[in-house]
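Number of protein chains: 2
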Amino acid sequence: MEKYKVFFQPQGESIEVFKGTTVMQAMRDIGIDFDFPCGGEKKCGKCRVRILGEIQLACFTEVHSDMAVETFSVHATHHKTLLSVAERAVEIEPHITKKYVAVKKPSLGEHQSEWKHFIDAVYESTATDHTATDRQIPILQKLPQMLRANSYQLTAVTQGSEVLDIEAADTTKLLLGMAFDIGTTTIVGYLVDLYTGRELCVVSTINPQVKFGADVITRSNYAAGQENDFKLMHDVLMKAMNQLIAEATEKSAVSSEAIYVVTVVGNTCMHHLFLGLTPQYISKAPYIPTISQAIEINAANFSIAMNKSGKILVLPNIAGFVGADTVGVLLATEMKKYADIKLMIDIGTNGEIALGSKDRLFTCSAAAGPAFEGAQISSGMRGAVGAIDHIIFGEKLEYSVIGGGRPQGLCGSGLLDGVAGLVQLGMIDKRGRFLSPEKITNPKAAVFKRNIIEHHGEKAFLLVDHPSTSHGNLICITQKDIRELQVAKGAIAAGIKILIEKYGIKTEDITEVLLAGAFGNYLNPSSACRIGLIPKELEGKIKMVGNAAGTGAKIALLSATEYKEADAIAAFVEFIELASDPNFSTIFARSTYFSC
Amino acid sequence: MEKYKVFFQPQGESIEVFKGTTVMQAMRDIGIDFDFPCGGEKKCGKCRVRILGEIQLACFTEVHSDMAVETFSVHATHHKTLLSVAERAVEIEPHITKKYVAVKKPSLGEHQSEWKHFIDAVYESTATDHTATDRQIPILQKLPQMLRANSYQLTAVTQGSEVLDIEAADTTKLLLGMAFDIGTTTIVGYLVDLYTGRELCVVSTINPQVKFGADVITRSNYAAGQENDFKLMHDVLMKAMNQLIAEATEKSAVSSEAIYVVTVVGNTCMHHLFLGLTPQYISKAPYIPTISQAIEINAANFSIAMNKSGKILVLPNIAGFVGADTVGVLLATEMKKYADIKLMIDIGTNGEIALGSKDRLFTCSAAAGPAFEGAQISSGMRGAVGAIDHIIFGEKLEYSVIGGGRPQGLCGSGLLDGVAGLVQLGMIDKRGRFLSPEKITNPKAAVFKRNIIEHHGEKAFLLVDHPSTSHGNLICITQKDIRELQVAKGAIAAGIKILIEKYGIKTEDITEVLLAGAFGNYLNPSSACRIGLIPKELEGKIKMVGNAAGTGAKIALLSATEYKEADAIAAFVEFIELASDPNFSTIFARSTYFSC
Numbered sequence: 071m072e073k074y075k076v077f078f079q080p081q082g083e084s085i086e087v088f089k090g091t092t093v094m095q096a097m098r099d100i101g102i103d104f105d106f107p108c109g110g111e112k113k114c115g116k117c118r119v120r121i122l123g124e125i126q127l128a129c130f131t132e133v134h135s136d137m138a139v140e141t142f143s144v145h146a147t148h149h150k151t152l153l154s155v156a157e158r159a160v161e162i163e164p165h166i167t168k169k170y171v172a173v174k175k176p177s178l179g180e181h182q183s184e185w186k187h188f189i190d191a192v193y194e195s196t197a198t199d200h201t202a203t204d205r206q207i208p209i210l211q212k213l214p215q216m217l218r219a220n221s222y223q224l225t226a227v228t229q230g231s232e233v234l235d236i237e238a239a240d241t242t243k244l245l246l247g248m249a250f251d252i253g254t255t256t257i258v259g260y261l262v263d264l265y266t267g268r269e270l271c272v273v274s275t276i277n278p279q280v281k282f283g284a285d286v287i288t289r290s291n292y293a294a295g296q297e298n299d300f301k302l303m304h305d306v307l308m309k310a311m312n313q314l315i316a317e318a319t320e321k322s323a324v325s326s327e328a329i330y331v332v333t334v335v336g337n338t339c340m341h342h343l344f345l346g347l348t349p350q351y352i353s354k355a356p357y358i359p360t361i362s363q364a365i366e367i368n369a370a371n372f373s374i375a376m377n378k379s380g381k382i383l384v385l386p387n388i389a390g391f392v393g394a395d396t397v398g399v400l401l402a403t404e405m406k407k408y409a410d411i412k413l414m415i416d417i418g419t420n421g422e423i424a425l426g427s428k429d430r431l432f433t434c435s436a437a438a439g440p441a442f443e444g445a446q447i448s449s450g451m452r453g454a455v456g457a458i459d460h461i462i463f464g465e466k467l468e469y470s471v472i473g474g475g476r477p478q479g480l481c482g483s484g485l486l487d488g489v490a491g492l493v494q495l496g497m498i499d500k501r502g503r504f505l506s507p508e509k510i511t512n513p514k515a516a517v518f519k520r521n522i523i524e525h526h527g528e529k530a531f532l533l534v535d536h537p538s539t540s541h542g543n544l545i546c547i548t549q550k551d552i553r554e555l556q557v558a559k560g561a562i563a564a565g566i567k568i569l570i571e572k573y574g575i576k577t578e579d580i581t582e583v584l585l586a587g588a589f590g591n592y593l594n595p596s597s598a599c600r601i602g603l604i605p606k607e608l609e610g611k612i613k614m615v616g617n618a619a620g621t622g623a624k625i626a627l628l629s630a631t632e633y634k635e636a637d638a639i640a641a642f643v644e645f646i647e648l649a650s651d652p653n654f655s656t657i658f659a660r661s662t663y664f665s666c
Numbered sequence: 071m072e073k074y075k076v077f078f079q080p081q082g083e084s085i086e087v088f089k090g091t092t093v094m095q096a097m098r099d100i101g102i103d104f105d106f107p108c109g110g111e112k113k114c115g116k117c118r119v120r121i122l123g124e125i126q127l128a129c130f131t132e133v134h135s136d137m138a139v140e141t142f143s144v145h146a147t148h149h150k151t152l153l154s155v156a157e158r159a160v161e162i163e164p165h166i167t168k169k170y171v172a173v174k175k176p177s178l179g180e181h182q183s184e185w186k187h188f189i190d191a192v193y194e195s196t197a198t199d200h201t202a203t204d205r206q207i208p209i210l211q212k213l214p215q216m217l218r219a220n221s222y223q224l225t226a227v228t229q230g231s232e233v234l235d236i237e238a239a240d241t242t243k244l245l246l247g248m249a250f251d252i253g254t255t256t257i258v259g260y261l262v263d264l265y266t267g268r269e270l271c272v273v274s275t276i277n278p279q280v281k282f283g284a285d286v287i288t289r290s291n292y293a294a295g296q297e298n299d300f301k302l303m304h305d306v307l308m309k310a311m312n313q314l315i316a317e318a319t320e321k322s323a324v325s326s327e328a329i330y331v332v333t334v335v336g337n338t339c340m341h342h343l344f345l346g347l348t349p350q351y352i353s354k355a356p357y358i359p360t361i362s363q364a365i366e367i368n369a370a371n372f373s374i375a376m377n378k379s380g381k382i383l384v385l386p387n388i389a390g391f392v393g394a395d396t397v398g399v400l401l402a403t404e405m406k407k408y409a410d411i412k413l414m415i416d417i418g419t420n421g422e423i424a425l426g427s428k429d430r431l432f433t434c435s436a437a438a439g440p441a442f443e444g445a446q447i448s449s450g451m452r453g454a455v456g457a458i459d460h461i462i463f464g465e466k467l468e469y470s471v472i473g474g475g476r477p478q479g480l481c482g483s484g485l486l487d488g489v490a491g492l493v494q495l496g497m498i499d500k501r502g503r504f505l506s507p508e509k510i511t512n513p514k515a516a517v518f519k520r521n522i523i524e525h526h527g528e529k530a531f532l533l534v535d536h537p538s539t540s541h542g543n544l545i546c547i548t549q550k551d552i553r554e555l556q557v558a559k560g561a562i563a564a565g566i567k568i569l570i571e572k573y574g575i576k577t578e579d580i581t582e583v584l585l586a587g588a589f590g591n592y593l594n595p596s597s598a599c600r601i602g603l604i605p606k607e608l609e610g611k612i613k614m615v616g617n618a619a620g621t622g623a624k625i626a627l628l629s630a631t632e633y634k635e636a637d638a639i640a641a642f643v644e645f646i647e648l649a650s651d652p653n654f655s656t657i658f659a660r661s662t663y664f665s666c
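Residue numbers (the working numbering), protein chains in the order written: chain A, 71 to 666; chain B, 71 to 666.
Hint data in this document are derived by calculation from the structure and do not stem from the laboratory. Careful: at least some of the hints might be erroneous.
Because identical chains share one entry, a pair is satisfied inside a single copy or across any pair of copies.
As the list claims (entries may be wrong) - As a list, the in silico DSS-like pairs of lysine-lysine whose alpha-carbon atoms are at most 27 Å apart:
hint : residue 1 : residue 2
1    : LYS613    : LYS112
2    : LYS572    : LYS406
3    : LYS301    : LYS378
4    : LYS212    : LYS301
5    : LYS378    : LYS428
6    : LYS174    : LYS354
7    : LYS406    : LYS309
8    : LYS378    : LYS212
9    : LYS281    : LYS212
10   : LYS212    : LYS354
11   : LYS89     : LYS606
12   : LYS321    : LYS212
13   : LYS412    : LYS613
14   : LYS309    : LYS519
15   : LYS301    : LYS576
As the structure is a computational prediction, the values presented were derived from the model and not from experiment.
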């Protein structure tokens, strides 16, 4: 039977399937995370994909030739945040290990301590020097009794040459870890079995600090206010993380006592608040963090609900606005390992950009503002249920709504598609201004001319009229919305341009564009290139890497060597301060334009 | 003018003085710690010394030839415990150091953290890797503010490559330490300026644990009782140590916050109780400690009243009954450094004995029992005010009383002198039994025959009749008292014999006998040799080394290298378990005899 190749965008993955296989089946075979609300029963009509520019339903469409399939729907479980991603292989080498040992029972004439006998059994050698500090006192307090109560057999919990705890009986297979990605908006936690490497559960929650401000600048300012404001932000963060641990351990039917290692990534502000440090100095020139290097915390001295003998490992920062989350992305994507030059973009209120290879790696932060998050947009909203996340200008206007149902607003990826469509149809000029109907010449635009309306005294493009929305108000893209998007995309684009210039390469030399983070994974790459957010030359090289920051945290959790590599990455990366580039203003202004 | 040499015993020191100089002046010139109650005014008659076997007063006696002077009086300040001793030179190399640094003020375009700038300033290098843990979080919490408030100049408190704290302004000269010797009966603390090496103050107190039992066995048993009994003993110990710190810092007009390092020695039982570990397993076969190796404690995690960023360093043990105090003695006496073989005896309820040189070093514990402490002796008492501490059988019976005045009882060194005298005069046989008057043939004993009395149904030697004592009861040495002393001296003598045998040397090969501890420093060496506590062959080689355990703690406090040497000593020493020697019982029984 004949086989055809199906190529999926934006995943950049392909699979060979037998003739007549449905696209849905091909997607399932290749493991693409896609939402089939009716379970593939051909009832709901939600599994829309684009093939040869036409919208099709993946469940109906059969493969009868090689084809390219564009998936742009949002997985239902992804309506709040990006949880799991395709990940690279990691050799398991946990920070903390367990060993069940038989300790020599001492006899008269011996003078070596119980601790020495125990250590000799754990390390199978009498030579190694093992420090003892106050951390070992709780162990020493129970060691003699536990040896006698357990026939001199115990499980030792160790980290390198340090014994962290002892447990009665053989508990060697019970060794869990949790990786945290603390985002400004969302906290994601991955509960992982460190013995098998298996992910037991992924949990997420809104960062409760949002009540102190949506973005890091507001929170930094808040922290600078009253004496203990940043401590309060630290406390609510701890509470939220502990709730995630409770949720994950309950769902997985394990005890939080079995969690011995926690890794943490987050932007520099979240990083500082996690540690209980004020982030106030990060948001003031010269924007430097209080600390960047990796920090190892004894769980006994920190209020995370885990085994008190365990360790919390905080990945390093790079700069005030390039945090441990970016280090996580770089660890997950291994940009430092390869000879070919890659571009990484993690788009958010602060976009982090990295460019380089094993020879040199540049990074910068671009102050995009909140447009991509749907904030300060007339009909804007976060990428939650009810948000229009994708728009297609076909024979008529089509859009998809997260979670289905009537739309409530427009999230960043929807705004991106909308403006990209207006640019493509020649309905706005390169400065982003709506053209008057007579100047719109593209025949494909004819049908959309009537959507250009006056809204609260400014021009706007009507997306959904009031009878079709969930709240009865219309949803549109205003002239101001377009300007906001221009500022956002201009900041990112300028950052990319400056990095490319400083690196001394041509755009075409870039072999791959890695889009990290929630927004980067939901946006339509062609829209992003259309508006100039990403250089057009790179459209075919775009690859979504999911929540790579979280993946980095998970990799650092699974492997002590990879955790060390995070430190090496942070030390290797060269930080470029865009604001100190003399041409920044010019490049930024030019980058806000559209090339029509 | 002619000069003569005066040789002092038991100090083993000599000095050349001009003809006619008083012995008192010679003692003052050479720095012998001796009590002249009337200040040398020739009024009190207390400054007794022995010259050519005759008792003389040091203040009257002039030097008119070379002479040997035996000093056996007790310094008044020594009536409770041994505080200061002659010490060897130690190169100051404190564990914790301070440095006043100017930190680089960052400018725009820099991305290195404040911590990195600070570390670079402290270590004058950008290369070194400095770990950051939760211990640094309190520093990070105040670093940015303190940098800004102090023109980017701070004092860094460091231990090797770890920064422990930061202080505003230049506090580099304020760096104190305290060395503790936790004895079963007495706790001694030495407050030392780590910057100059100067000892500011010595303080001591009764170990409040005495209420839980006079000796370590009773305390171990107490600890094995209720759940938290050993914790209670830990708590009262902490309290007593903190009171000593308060006393020492108040006397020296310094703050306890200036104490950054504390070193601790003690026998294994005290060591465990200090750490909050139960000592109950030490007193049961096979008598092994829970831990022996050196322990470094972060002051923040321990209730010692010192700077919370400081360190508490606990010296290592050797065995269940050879503790960190013995390691302190070995560190102070440097037995491991020299080629010639020395014998060290620290006499107490448990006598610790060490024999050896740089080639090999043996140690053992001899269960002497409480006789040397004056316990379980009919007229026995501790070496406190009112105790007869020395007895001389001259033409009549002479004795000295601690603190002067009427005697109240007999302490260990007095008992030793008394029994030694009875042995020398042939009034008791080699088994320790009083001879009947007709069998006493020594003419010098004639005058003392009438002192042999019946007391509560057993034979006894009357020392002080009831009208001359402070309480109106007579003070005597009974047959049972002699037996108690025989057991005590037999244990020590057997230990010495077994070590010498195992070492494969002859007694004469020993070049020096070092007597450590309070009792060892008060006893009359010739009495000790007379009763066979110390081999007679070694009488001329005896040297008092004072409270060498405390000196060891102080040396370890002043020098990180010496502290490491303590670990090397503990690892080097070979522990000999006397009880497991098949000939122990025979040797012990024979050692209880007197060789008359």
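- [ ] Tell me, in ascending order, the numbers of any earlier hints that this structure violates.
- [x] Numbers 1, 5, 7, 11, 12, 14 and 15 - these are the hints that the structure violates, sorted from lowest upward.
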